[in-house]
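Enquirer: Chains A and B are the protein sequences, given in the same order.
The working numbering puts the first residue of the first sequence at 1, with every later residue one more than the last.
The working numbering puts the first residue of the second sequence at 1001, with every later residue one more than the last.
To be clear, the hints were calculated from the coordinates, so they are not data collected in a lab.
Careful: at least some of the hints might be erroneous.
[Said to hold, decoys possible] Straight line, CA to CA, 20 Å or less: simulated EDC-like cross-link-like pairs of lysine to aspartate or glutamate: (1) A:Lys55 <-> B:Asp1160; (2) B:Lys1065 <-> B:Asp1053; (3) B:Lys1130 <-> A:Asp13.
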Amino acid sequence: MANNVKKSKVFKDNSGRIFQVVMLAWPILIFLVFYVYCNAQSLVLSFFNLDWTGKFTGFVGFDNYKEFFKMAFGDGQLLALGIKNSLKYWVLCFIISNPLYIIFSYVIFKKFKGHRLVRVIVMLPTIVSGMVFAICVKNFINIVIPYLFPGTSNVLYGEHAFTFIITYDIWMSFATTLLVYPNTMGKIPEELYDSAKVDGVDKSWQELWYVILPGMYPTLTTFMVVGLCNILAGSPSLEMWYMFGAPDSVYSFGYYYTVKVMTTSSQQGYPVLAAGGMVMTLILVPLVLTAKHCLEKFGPSED
Amino acid sequence: MRKKRKNPNKIVEFNSPADVIYRSITICVLFLYCLTLLYVLFWLISSSLKYYDDYILYPLNLPSKDRIRWQNYVEMFGKLNVTRQTDKGMVNWGILAMVQNSIIWSLGCSIVNVFWNSICGYVCAKYNSKFTRFIFAVGVFTMVTPIVGSFPSAMKLMKDLNVYDKMWFKFVQGPTTSFAGMHFLIMYGIFKDMPDSYIEAVRIDGGGHFTAMLRVMMPIAFPTMIALFTLNFVGSWNDNGTFLIWLPSYPNLSFGMYYIQANANSMQIGPNLVLAGIVMVSFPTIILYFVSQKGIMTKFAVGGIKG
C-alpha cells in the first residue's frame, strides 16, 4: 500500500523499535517453544528410542525411518492405507469443492432475493458445530435409513463409508468460503469491471473468467496453498464419527497419528511416528512451495 | 491507490438466456442446499421432543400434540455428566461444571486469540521494519509449510513441561503462531488499510505508540475484532477436539455431548435424549450468531500471502 512505502520518522525512532519488540516478544517466545522447538524435537526424536515414560534410551540411527517405510509402503499396512486415503480425499474434495465454491460465491456476490438468508444458513455448520451435525446425521443414519430401506447395513461401517465421509465433508465445507469469497469479489476495484465492459464482457461466465477470477486470485491462491498443506490430514470428521475406532477403510494419515498417540499411555511408539512426520514433511514442503510458486507465477492477471 | 468500488450494491446483471438459466439453476441448488441443512436441524429438534417409541417407530414424523415430551430436556439435564480416566485419575464432571468450563474456555480463548492476532496484525501492518517484515515472512512460511507428524513431539513437550492437561496454561500460551492464519491476515488487512496519518497525529500531539494503538487504531478496528471474537467464541464453545486430546480433565459441554453420544448405550441414554442434549448445548451459540451475524457477514475478506 502506498501509505506504507514511505514511513515518517515517528515509526523509526527508538521508541518505535522498542514498541515492536515488546509487542511481539510473547508471540515470538511461544512460537519458538511450541513450533520451532517442538518440530526440532520431532527431528531429534526420530533418531532415538524412548522408554515407556518418555526418556531417551539410545541413538538408533535411521532404524525408525526404516520401520516407518515398512509401515508406510508395505502391503496391507494401515498407515499405507491412511496415506492413500488422505491423498484420495484431498484430490476429490479439491476437484469437487472448488468450482462449487466459486460458482456459488459468484451468485451470492451478484445478489438475489434471499441471498442474505442463504449466507446466514450456510454458516450453520460452523455456528452449530460440526459435531452437532455429525451426531444428528449419525442418528439419522442409524434410525431413518433402516426405516426407509430395511436390511441395509450401516453406511458408516460398510463398503461405502469412505465415499460417505467425503460427501459429508463437502456438504459441510461451504461456510468459510461462502463468507470470504463474495466479500473478496466485492473488493475488486470498480475500474476492472468498467474496463471489462468496454472490452465487450457481457456475459456472466466472461465476467467470472476475465474479471472475478483474476481479481480474487490472491485469495484463491491462499486457500489452495493452505489446503495443500493439509493434504495428509484427511477428513476432519473421523474422530466425530468414530472417536478412536474407525474401520480401516476410512483411515487417514492424520487420524492414524491421533489414534496411535491417544490409545497408548506409553511414549515408546513416538520416535517411529516422528520419523514418519519428517519423511512426509520432506516430501510435502518442496511440493507445496513449488505449487505456491507456480500459482503465483502462472496465474491469471488483471491486465 | 486503486479506486475501490464506489457503490457495492450497483452490480451489473447480465440477462442473456444462458445467464438467466445459469443464475436460476445455481440459486435453486443453493436453496436446496440450505434446505438440507435446515432439515437436519428441524429433524434434530422434532426428534428431541419425541418419546423413545415414537422416535424408533416413526423417525420421520413430527411428534403429535399429545406426544410432545419436554421431559427429555429435564432428564438430559440430570444425566449430562462425564466420568473419564485421565492422567490425573478418574474425573467426574456434572453439567454445571461443564457449563462453567465452556464459559471460561470460550471467553478466555476468544479474548486471548483476538488480542494476539490484533497486536501482531497491527505491528506487522503499521511498522515497516526489517524485523516486522521478517516476522510476517515467518508467519507466511508457517502457513505454507506443511510440517506433519509433530503431534507426538508436541504431546511429549507438553508432558515434559508439566503443562499437559492444564487449562490456565492454554490461556497464557495463546495461539502457537499469532502472526499467521486467517484471523491474523484479516486484522493485518484492516490495519494496512488505515491511514498512517492517524498515528502520526497522535505522535505529534505527544502521545506514545501504545496510545496510538489503543486509543486510535484499535477502536477503529473494533467492529472487526468483535466479529472475530464472536467467531472465536462460537468455535471454542463447540470445540471438543481440544478436550479430547489436550484437556481431558476439563470437559466442556460440547465434549460432554460427544462423550455421551459415544457412550450412550453403556450409560442407558436413548437417542432422543442425546438429541435433546445437543439442542441445549447448541442454543447459546445460535442465539449469539443471530445477534451478531450482520457484523460477521460483512467483515471478512482475505488477501494473498506473498512472502
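Enquirer: Hints first: check each against the structure and report whether it holds.
Expert: Consistency of the hints with the structure:
| no. | hint | verdict |
| --- | --- | --- |
| 1 | A:Lys55 <-> B:Asp1160 | holds, 10 Å |
| 2 | B:Lys1065 <-> B:Asp1053 | holds, 15 Å |
| 3 | B:Lys1130 <-> A:Asp13 | holds, 14 Å |
The earlier numbered hints are all upheld by this structure, with none contradicted.
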